[in-house]
Structures are given as structure tokens and as C-alpha cells.
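Participant: For chain F, the structure is supplied; the task is to place chain W on it using the hints.
Number of protein chains: 2
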Amino acid sequence: MPSKQTTHNGLASTRQAPGRSGLCAPEPHPPGPAASLAYAGRITALRAALAAREADGAVITSAPNVRYFSGFTGSNGALLVSAGQVTLFTDPRYTLQAGRETAAKVVIAKGPLESAIAAQLASFHKVAFENTRISFRSMAALQKARVDWCALDDTCEALRMVKSDAEQEAIRASVLLNSAALDEALTHFRAGMTETDLAAEIEYRMRRRGAEKPAFETIVAFGERSALPHAHPGPARISGRGLLLIDMGAFLGGYASDMTRMAHLGKVPTATRQLYDAVSEAQLAALDRVKAGVTTASVDAAARKVLTARGYGKAFVHSTGHGLGLEIHEMPRIGKQDKTRLEAGMVITIEPGAYLEGFGGVRIEDTVLVTASGCEILTPTSKKLLVL
Amino acid sequence: MPSKQTTHNGLASTRQAPGRSGLCAPEPHPPGPAASLAYAGRITALRAALAAREADGAVITSAPNVRYFSGFTGSNGALLVSAGQVTLFTDPRYTLQAGRETAAKVVIAKGPLESAIAAQLASFHKVAFENTRISFRSMAALQKARVDWCALDDTCEALRMVKSDAEQEAIRASVLLNSAALDEALTHFRAGMTETDLAAEIEYRMRRRGAEKPAFETIVAFGERSALPHAHPGPARISGRGLLLIDMGAFLGGYASDMTRMAHLGKVPTATRQLYDAVSEAQLAALDRVKAGVTTASVDAAARKVLTARGYGKAFVHSTGHGLGLEIHEMPRIGKQDKTRLEAGMVITIEPGAYLEGFGGVRIEDTVLVTASGCEILTPTSKKLLVL
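These protein sequence lines are chains F and W, in that order. Residue numbers for the first sequence follow the numbering used here, beginning at 356 and rising by one. Residue numbers for the second sequence follow the numbering used here, beginning at 356 and rising by one.
If you're looking for bench data, these hints aren't it; they were derived computationally from the structure. Please note: incorrect hints may appear among the correct ones.
In this list, chains with the same sequence are indistinguishable; a pair is considered to hold if it fits within one copy or across any two.
Said to hold, decoys possible - With a straight-line Cα cutoff of 25 angstroms, these simulated DSS-like cross-link-like pairs (lysine-lysine) come out:
#, residue 1, residue 2
1, Lys691, Lys465
2, Lys460, Lys481
3, Lys465, Lys669
4, Lys465, Lys660
5, Lys669, Lys460
6, Lys669, Lys694
7, Lys694, Lys465
8, Lys622, Lys738
Chain F with its partners taken away, still in its complex shape (with noise of 0.2 angstroms):
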């Protein structure tokens, strides 16, 4: 697949897999009324954010925020805000695609974006710039328009936290892909079938059902291996006896779901059922602490708490969970020490877990909406405990 004509290395670089793997997008079509109108909001919205620093402009380089602000999906753009104008740059392979998606004036840079955007920069007096994403070396490259630069840290993805009624539709169709095609893949599950082959049969149903990628690269792990927060899909065959975890999540319009189930191959042993049960009672503690106005740090509490009491509180090592949308991962963070407080049109995870080394972990996983009264569980799929 091509790379821009520069030799440069684009605006940020990443810790990530590279190139390609930008956002997932929907065809690209001409922004309708009622987008267009969606992002004129938020664009009004990041220039209150600007206002209240006294800047006058901001450098958005991000491709999810390019994205939120101004419809454009290409792997390489950056928006300046300006009081006035929005304004996308971007290179020669995306002129047509720039065309067709967004309402932004469009600038086809053929060197660095870096410097066709400082060179617009002479009127301004403070650029806000988004310290938490773009890279060192091309802050550099903007930093010899002379300008006060300041950081928007999260501003940007504070602004995203809360979901449009468009937002949460497209995040509900996300979520109700991504069951159904749990659905269907387990139907063609065969005991002796390895972790791999699973996670395969599992996208493609995700794929066939339209979404544009998983939002993730899928985990199936069996036995001993589910203990491992972050497995891969490997060569090991789901066989015998043991736990089976699946996580999962589709792109479906450029919105995320994810979610977690588990399973388990044949008789349940005690132990089993005692780790399983522990963990679903901390998901369903933590979900009944969902609601508007309370503390992200509370609703992690309440999980932890259930599996502190129930001896799995080291075993607990992650987070509680996530917001989620165009990024897989999202602010709030569901975390110890996150302060946020919930407000009604977040759509978080909901996700403890518990990893024993040499035995197995539990994982459960809901994506949920948060409203005034508590919150929806978006993902429709049965949480109890399948025996396979």
C-alpha cells in the first residue's frame, strides 16, 4: 500500500502498529446537512475551550480528533482552527477522499503538514497544540511559526466524553454487530479448533456483518493462557478442560464496542466457579454504582472491593474500565484514582477481571451508557458462565 511522496515521517509517530492502521471509516461521502451541523458544534465547542486559554487558533494532529472535528478519515491530516476558518491539511493521496468528507477548507501540502501549517501561522498570536499526541520532533517543526504555543493536555478528548444521540446510535449498531457475530462464530466452534483459528471465525462474522475492523486485535485464550491480560491468539488448541476468554470489538461507522465473555470447556471445577463468580459479582457491583454524578474512582471501588473480599484483589490489575467511540480506549479511565464524575451520554466498559499464573483468568465485559438514573447495558449477549 502507497506512502505519501515526503520523506517526512508524518505528524506524530506512534508506539503503535504503524502505517495503515489508521481509523476505520465508513465510505467516504459528502458530509449531509446534519453532520455538517454535528461538527460545526463541536468545532464551536473547541473554540469556547480556546477562548477561555485566550488563543487564538489550535493545531489539531490527531487522527481521531481530525476526525471528530471535521469528518476527514485519512491516515494523514491535521485541522488549524482558527476564529473564522477550519482548515485541513493533507497530502496528494487524499485529495478526492478530503473532498468528499468534510466542509473544512482543504490545503493538499506536498511536503511536511508541519510546515504548510506553520506558514499560515504569521497572524496568530496563541496556538493551542495537542502535546498529548503529537510527536516531539514535529512540535519542533511547528514551533518555528512564532507563536505562543499552548497545550490542550485532554481537552480535546474531554470534549468527546459525552455522546451525541448520534454518537450512541452508532455505537449501539457497534455493539449489536459485535454480539451477534459472537453469536454466529460460536456455532461454528469445534473443540480441537486453536485460539487463532477462533479469533479468525469471529472477525469475519464481524466483517461480514459490515463492520469496517475489529477494534482490536481480537483475544482468544484458553486454559492457563487467559491469565494472561492481554493475550494473543495463538497455535494452542482449545481442547480438554479449561477457561476460554474472548474479547472482542467491531468498528461499525467508525465507532467502537468491545466486550468480554467467557466460557469454559467441559465440568467446572470449584475453583472455577468460585473465580467466575467472584468476578461477575464485581461487574454487577460496578455496574450498579453507574450513574450521573458519581465518581469513576467509586465505581472502580466497587469492584475492586468485591474482589478484594473475595481474595482476587491483587489478582485484579487493570482498570474497571474505559469510555470508548472512535478509539477503542477513551476517556473516562474507570480507574483507582480517575476523578471524572459520570455524566448522562458517556458510554464506558465495564470490565474487572481476575489472573491467577498458572491457573486461568475471568474477564466480563459490558459496554454500557450512562444516564441521570444509572445506566443502559448496551451489550445484549447473556453473562452466565457458558459450559462448551
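Facilitator: Leaving out everything else, chain W in the frame of chain F:
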């Protein structure tokens, strides 16, 4: 899928999709003697580069470079390389995996990795960092350690350009799998299926053959949409008459493959045949130029000269190719302004293309190994325009 416990955003955020899209990995396993030797050799080369800068340490923060120098495949890791030691910093989700994957000393950090690293820099004088990859904010956190900092620029990526025998074997296997997956997927092609369906079929065949994941979002673009160099597969049906562009790659054993092939539905119009033949001739001209000692710019020029002579110069909107390995886009870039001299053992793509808005586009791409006397085309798939 779980995120780490801290609220910190990680060492480098990205313009790409988020979170879990880390490098795909083979089954984590204890590093064998051969693998350990390979990592030791890579660290030796890095130390030589540090010595040339009079640096007594390096902080490596990007996932592919962390993997290249240590074997660790988790999504959150960083290395501190000193004259006498290599230390991997990660979070508690990866305790088991880190122990299995790397021979480096492992430090499990409970907070941001930058803080854990900065705390160990007291005895250092000059430390190199990945300015092209690390985020501005993460670097600000590292800079709390009072040492001289020096930029690595593309040092690590340059070390990765020439592939070892084992790496070449891994890429060969990935390329063969990729071609086999296309052959198999095409036997399931039916006129009337959507672009998304065919992409799903392709990715399923890759996965069932053992690929960890696609190396990028598979491109299937039919008709006029083939003129978008980075088209996302969509719900458009592949039927009637027109060009069909398929750009696909797999990760196998952590290493990428990359291939583009064209098909045509129905009788091939003269204008399409002319376009195809021009791109085909350009691709052969570029391949013919590949040889150790030659500059990448001259390879690009060879393709560009043909397309310009045929009247498609302005329709060739990207570079002729790129290196690949642990990432799908690696150094060297094969573009107009790239002065890298090819060396035996580099693995690159050769993929000129021409895109005509409202008509369609053609791209033909092989993965090739640079040799002393020319190149070995690793991709076995026929380059004849397939008529479906």
C-alpha cells in the same frame, strides 16, 4: 478489553487508531538462544550509535523499536538501554508476558512509565530519546530527569532497514501466506458481492492460515473508487464492469507483507488497458533499477519516467515504495527526494500507481528483497490483469 490502571495517556499517543492496535505478536514464548543472540546484536549496534553521540543511555519508547531491541510485544513498554544493562518498563497487565518474552530486566511500574524511567536516570549524563515517536507530553515528563537529552531521529529505524536472515525468512513466509490468501479468497468471489465482503473473505483466509492480523486495513476498491489510493472497502457492490483494486498484507510472526493486484470485471476497455500497461511497465522499470548501491530516488524516477511518458505523470500521486518489516511502512522510502542507497538485505515494496478521478486507478505492488546484483521478487502472484 482492559486498559492499564493509571490515568496517564501513555508514552506517545497517536494519530492512528488507539489502544489495542499494537503490534501483532506470535505466541509469547521464552526467548530461545538464537533470539537472545539477535537481541544482543541489535543492542550492540544501538550502543555503537549511542557512543557516536557520546550518550551513555537511550530511552526507547515506540512499540516496534521496543520489540526489535527486546522481544517484548505488549502495548505499553519502554526500554532503558545503558552500557551495561537493558531494562524493560511495563505495567502490571504485562508481568507474566514480559517475563516470557524478554531477557531484559523487567520493571513493573505502577504509574506512568516516564516517571519510573526518570527515577533511574540519576547516574546518567547524556540520554538519547525517540524524538520522532515520543509525544511532546511524555517527553516533558522524561525531561524532569536532569540529563542532557539528544534526539535519536531515525537511528533505530535505520538500524532496522537491513533484515537479518531470520527476518527475511519471516517476511518470505508472510508474503507467501498473503498470496495464498488472495488465491483462496478469489475462488469465493462472486459478482455482486460488496467490497467489504471481499475484504472480509481475504482477511479471513489470512487469519485461517495463521496470520496474526492484516498488516493494514485491506483495500478493496471497485470502479471509480479504485481512483482513491487509500479507499476503505465499503458497501458498494462489485458488479457490472470496472477495475477492481486489491491491496492487502498480513502480519505473520510479527512481520509484514504487502501486495496490490488488479482485476477487471467484464471486457477491458482500451483506455483501461492503456492505463494498466503503463503502470505495469513503470513497475517493471522500477524493479529493474533495484540493486544494492542504487539510490531510492533513482528507483522512483524509473517508475515516474515511464508514467510521465505515457501521460500519467500527474496521476502518480504517491511514492514508488517503502521498506517493511515489523511495521508496514519502514525506511527506506522509495520516493522522489529519498537519497538512501539500497543495501543487500533490505526488503521494500515497488508499487507505482496512476489514479484518474471519475474513471479508476491502477496500482501494482510486489514485495522484493534487495540483493547485490538486483532484487528477488518475493511475491509469487501473477501480475497479469485478471479478468473476472
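Participant: Output the indices of the hints that this structure fails to meet, ascending.
Facilitator: Structure breaks no hint.
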